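Novice: Next come the chains, spelled out residue by residue.
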Amino acid sequence: METTVRIPAPLRTLTGGKDEVIAAGATVGELIDDLDKKHPGIKDRLLDEKGVRRFVNIYVGEEDVRFLDGLRTELRAGDKVSIVPAIAGG
Amino acid sequence: MKRSDARVLVVGAGGLGNPCALALARAGVGTLRICDDDVVEATNLHRQILFDDTSVGKPKLDEIARALDGMTRVELERTRFLPATARALLDGCHLVVEGSDNFPTKFLVCDACAIARVPVVHAAAVRLHGTALAVGADGAPCYRCVFEDVPRGAVANCETAGVLGPVVGVVGALQADLALAMLDGRDVGGWFVSYDAKTDVLRRAKMHARADCAACTRRIDDLDERRYKG
Numbered sequence: 000m001e002t003t004v005r006i007p008a009p010l011r012t013l014t015g016g017k018d019e020v021i022a023a024g025a026t027v028g029e030l031i032d033d034l035d036k037k038h039p040g041i042k043d044r045l046l047d048e049k050g051v052r053r054f055v056n057i058y059v060g061e062e063d064v065r066f067l068d069g070l071r072t073e074l075r076a077g078d079k080v081s082i083v084p085a086i087a088g089g
Numbered sequence: 000m001k002r003s004d005a006r007v008l009v010v011g012a013g014g015l016g017n018p019c020a021l022a023l024a025r026a027g028v029g030t031l032r033i034c035d036d037d038v039v040e041a042t043n044l045h046r047q048i049l050f051d052d053t054s055v056g057k058p059k060l061d062e063i064a065r066a067l068d069g070m071t072r073v074e075l076e077r078t079r080f081l082p083a084t085a086r087a088l089l090d091g092c093h094l095v096v097e098g099s100d101n102f103p104t105k106f107l108v109c110d111a112c113a114i115a116r117v118p119v120v121h122a123a124a125v126r127l128h129g130t131a132l133a134v135g136a137d138g139a140p141c142y143r144c145v146f147e148d149v150p151r152g153a154v155a156n157c158e159t160a161g162v163l164g165p166v167v168g169v170v171g172a173l174q175a176d177l178a179l180a181m182l183d184g185r186d187v188g189g190w191f192v193s194y195d196a197k198t199d200v201l202r203r204a205k206m207h208a209r210a211d212c213a214a215c216t217r218r219i220d221d222l223d224e225r226r227y228k229g
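Heads up: the protein sequence lines correspond to chains A and B, in order. So for the first sequence, numbering that gives the first Met the number 0 puts the first residue at 0; every next one is plus one. So for the second sequence, numbering that gives the first Met the number 0 puts the first residue at 0; every next one is plus one.
If we strip away everything but chain A, and leave its shape as in the complex, we get (with noise of 0.2 Å):
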C-alpha cells in the first residue's frame, strides 16, 4: 500500500526538495524501507539501532508512533505520515 510521507525541512535535501513523497509499506517500518530505498541515507535520519531517534517524532495522521505500536504500527488506506524533527533557533 502506498501512503504520502510529509517530509520537514531540514530532510528535504534527501528528497530533492519535495515535502511529499509517497512511499510503499504496510507497516511504518516498512514504510521507511522503502522510503531509503527511494531517497538514500533518509533511515539513517530517522532511526538508530534503538527505533525512532529520540529528536524525531513520526506521526500516522495526528498519533506519535512511539504511543501507537511504534514500527509495527499498521498503516491504513488515507493514512498520511508525518516527520517531525525537533529544532532549535529563533
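Hints in this document: simulated from the structure, not taken from any laboratory. Only a predicted model underlies this, so the values are computations on that prediction, with no experimental measurement involved. Treat the hints with care, as some may be off.
Claimed, not checked - With a cut-off of at most 25 Å between alpha-carbon atoms, the simulated SDA-like pairs for lysine to any residue come out as follows:
(1) A:LYS79 - B:ARG202
(2) A:LYS79 - B:ASP195
(3) B:LYS205 - A:LEU46
(4) A:LYS49 - A:LEU70
(5) A:LYS79 - B:GLY161
(6) A:LYS36 - A:ILE82
(7) A:LYS17 - B:HIS207
(8) B:LYS205 - B:ARG185
(9) B:LYS197 - A:ARG11
(10) B:LYS197 - B:TYR227
(11) B:LYS205 - B:HIS93
(12) B:LYS197 - A:ALA85
(13) B:LYS205 - A:LYS36
(14) A:LYS42 - A:GLY69
(15) A:LYS49 - B:ARG185
(16) B:LYS57 - B:ARG72
(17) A:LYS17 - B:VAL200
(18) B:LYS197 - A:GLY15
(19) B:LYS197 - A:LYS49
(20) A:LYS17 - B:GLY161
(21) B:LYS197 - A:ASP68
(22) B:LYS197 - A:GLU48
(23) A:LYS49 - B:HIS207
(24) A:LYS79 - A:ASP68
(25) B:LYS197 - A:THR3
Put chain B on the given structure of chain A with help from the hints.
Specialist: Same frame as chain A, now just chain B:
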C-alpha cells in the same frame, strides 16, 4: 487570571522573543520579565522586528524595553536562563514563553517549569520551519515527552543554518497566541503547532504524555547543570 495581573517570563529577546513580547504587551499582559544577555547585531535585524539600525551594538534588553515602553511593565534580567538563575527568574511568574536558540536551554526551561509547575510555551524556528508547543501547569505532556533529551553533537540553529524573517514572525505570534489562551484559561496544553514556510501549511497535533518521561513524572527534581550539556 486577568491578563493585566499576569507576569510572563520571556526567555530570549531574539527573533521569537521580539514578536511574542510585542503581541503579549499589545494584548494586555501586565508584566513581561525578559531575560537575555546578548547585544543586537546587524544580522539580527531582518527578523528581530523591535530593533533598528540604531540598536546595533546595544543590549537587546535595553532596545526591547525602549520598543515596549508605554505598552506594559517590563522587568529586565540581564542573564541567560541557567541552572543557577532559573528559580529566581521564574519566581512570581504565571507563564513562560521560551524562544531560545539552543537545546540545553529548552530542556532546562522544561525541567524548571515542571518543578515550579509553571505553564510554558516553547517555540523554535530554523530556515523555513517553525514549531510551538504549549505545556500546561500540570507539566504533561512536556517538551521531554516529545523530544526526550538534549541532542549531542552538532545541530542546526539560526546561527548556523539561518532562518527566514517572516518564519519567526509567524511562530512568535503563534507562541503568543498559545500563551494568551492559557492565561485566559483555555486548555491548550499538549498542542504542538508546526509551520512550514515553503508551503505555507500550518499543522496542529495533540501530544501525549510519555509514561517514562523524567520531567513530568517528577523524577527530575533539581537542575543539575551536567544534565544540560549539548
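Novice: Taking 25 Å as the top limit, are the C-alpha atoms of B:LYS197 and A:LYS49 close enough?
Specialist: Violated. B:LYS197 to A:LYS49 sits at ~32 Å, over the 25 Å cutoff.
Novice: Next pair to validate is B:LYS197 with A:GLY15; report whether the Cα-Cα distance is within 25 Å.
Specialist: 14 Å, holds
Novice: With a cut-off of 25 Å on the C-alpha distance, tell me whether A:LYS79 and B:ARG202 pass.
Specialist: At roughly 13 Å apart (the allowed maximum being 25 Å), B:ARG202 and A:LYS79 satisfy the hint.
Novice: Assess, step by step, whether the Cα of A:LYS36 is no farther than 25 Å from the Cα of A:ILE82, and give holds or violated.
Specialist: Distance ~17 Å between A:LYS36 and A:ILE82 Cα, so the pair holds.
Novice: B:LYS197 and A:ARG11: Cα distance at most 25 Å?
Specialist: 11 Å, holds
Novice: Does B:LYS197 pair with A:ALA85 here, judged by a C-alpha cut-off of 25 Å?
Specialist: 18 Å, holds
Novice: Straight-line Cα separation of A:LYS79 and B:GLY161 no greater than 25 Å?
Specialist: 29 Å, violated
Novice: For a C-alpha distance cap of 25 Å, please report whether A:LYS17 and B:HIS207 respect it.
Specialist: 29 Å, violated
Novice: Holds or violated: A:LYS49 with B:ARG185, Cα cutoff 25 Å?
Specialist: 37 Å, violated
Novice: Between A:LYS42 and A:GLY69, does the CA-CA distance stay at or below 25 Å?
Specialist: Answer holds: A:LYS42 to A:GLY69 is near 15 Å, not above 25 Å.
Novice: What's the verdict on B:LYS197 and A:GLU48, does the C-alpha distance respect the 25 Å limit or exceed it?
Specialist: 32 Å, violated
Novice: Assess, step by step, whether the Cα of A:LYS17 is no farther than 25 Å from the Cα of B:VAL200, and give holds or violated.
Specialist: 14 Å, holds
Checked against the numbered hints given earlier, the structure breaks hints 5, 7, 10, 13, 15, 19, 21 and 22 and satisfies all the rest.
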